[in-house]
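Going down the list, the sequences are from chains S and R.
Per numbering that gives the first Met the number 0: the first sequence = residues 0 to 286.
Per numbering that gives the first Met the number 0: the second sequence = residues 0 to 119.
Read the hints as simulated data drawn from the structure, not as lab findings.
Quick caveat: nothing in here was measured; it's all calculated off a predicted structure.
Yeah, the Cβ is synthetic: ideal placement off N, Cα and C, and Gly gets one too.
Watch out, some of these pointers could steer you wrong.
[Claimed, not checked] With the Cβ distance kept under 8 Å, some of the chain S side facing chain R (calculated, not the full set):
| hint | residue |
| --- | --- |
| 1 | Trp64 |
| 2 | Asp66 |
| 3 | Tyr84 |
| 4 | Glu89 |
| 5 | Phe90 |
| 6 | Asn151 |
| 7 | Leu195 |
| 8 | His204 |
| 9 | Ala241 |
[Claimed, not checked] So the derived list for chain R, only partly shown, Cβ under 10 Å to chain S, looks like this:
| hint | residue |
| --- | --- |
| 10 | Asp15 |
| 11 | Thr25 |
| 12 | Ala87 |
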Amino acid sequence: MASIVAVIASTHHPFYYKASTATGEDRPPFADEWTRKILAFRETLTRANPDVLVMVGSDHFHQLWLDNMPQFLVGKAPFYDANWYNEEREFGLPRLLLKGQEDLSAHILRAGLDDGFDLAFSNELRIDHSITCPIITLRPEADLPIVPIYTNIFAPPLPQPKRFVQLGESIRKIVESWPSHLRVAIIGTGHLSLELGGPRQFGPHGPDPEFDRRAVEWIATGDLDNCLREVTLDSLHSPGNATHGFMDFMLMMGVAGAGAKADHVDTLDLFHTMEAYFTWYPNGAPA
Amino acid sequence: MSKYLLNKFLYTVDRDPELVERYRETPGELVSWWEAERANTVLNCITGEASTWLRFTDEERDALIAHDHVRLFELGAHPFLTLTLFIAMFERDNKEPLEYQKAFGARLAHFDMPYPDIAT
């Protein structure tokens, strides 16, 4: 059976690529600290020595659209083109080509359906920054095959928070049941408090630092009980109008397991968001 | 009101560099053309499969032509779509980092929670 060698959750700030590659007067004052934190975060994946990456993210109305909106979708393609014109335009993100792992995609689809999730699938998926940002931060060589899993955190009606947790728990079981000798890392990205297109956007910090503090604590300690008690679809409007992306962090808490303390926890208070990075080693930290 | 059609406009224009420029430079012409030629196109289908009934209200059409992102927010357009398209059109006019983005938020300061419903 496959082994899960790392579970990783992070934000997916699209400006990291531009900030970390900028030089001279164009380099923002926070770039060096951000880069140091990312290099330490990257090492947590490198040490786990994975063969395959299962990558959970949210499409930002790039490929998934309101004419036919899935709640949870698994990519099943031999390759994935990545990043879009409007991400290149706005964030300077590079175009990428990532290899798919179709056997694991097929296994997740079959076993996920059997486990009670009516997963959508796509044989032609161009992926966006929710999945390419962790490639850029954690595996810039972009050399490992991936299975992308997209969630809807954008287009109401959304699944309930507990459904994200349950899907995470299911993904973990499914990957562990994959008849393969390969080493799998499961990586997901979401948001803490965030406002986009509203009055609280682009402040000096995230729109709700108190929510961020509690959220980081829930994730770092695996405190699913308190997280599920306090987080509802309605309550997520308060910390910022794009905070429903926090449910992808909840999905990753489901993958890591209730009560699982993260082995690596780091944050960075940036303009308009709190960046947060977590790594769990389900089978113990690699030597 | 057609929040879906507002969103479809923002979505289809934002992903096409030529349409972004046309919307910035000649919004009245672009909105009229888009409503006549694109509104009823079923995405990913040939034109023979077009729908027949989608159209903006006068209020929606006026807000789009006026580049009135405050009114679009009030009408329930998806704020991510409005923001990303308007950044594409107007960030280039920034004199300071994030100047346009901050002004975009400041112009919405009179909105309290709950914000207008974005469900379509």
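Which earlier hints can't be squared with this structure? Violated hints: 5, 6, 8 and 11; rest satisfied.
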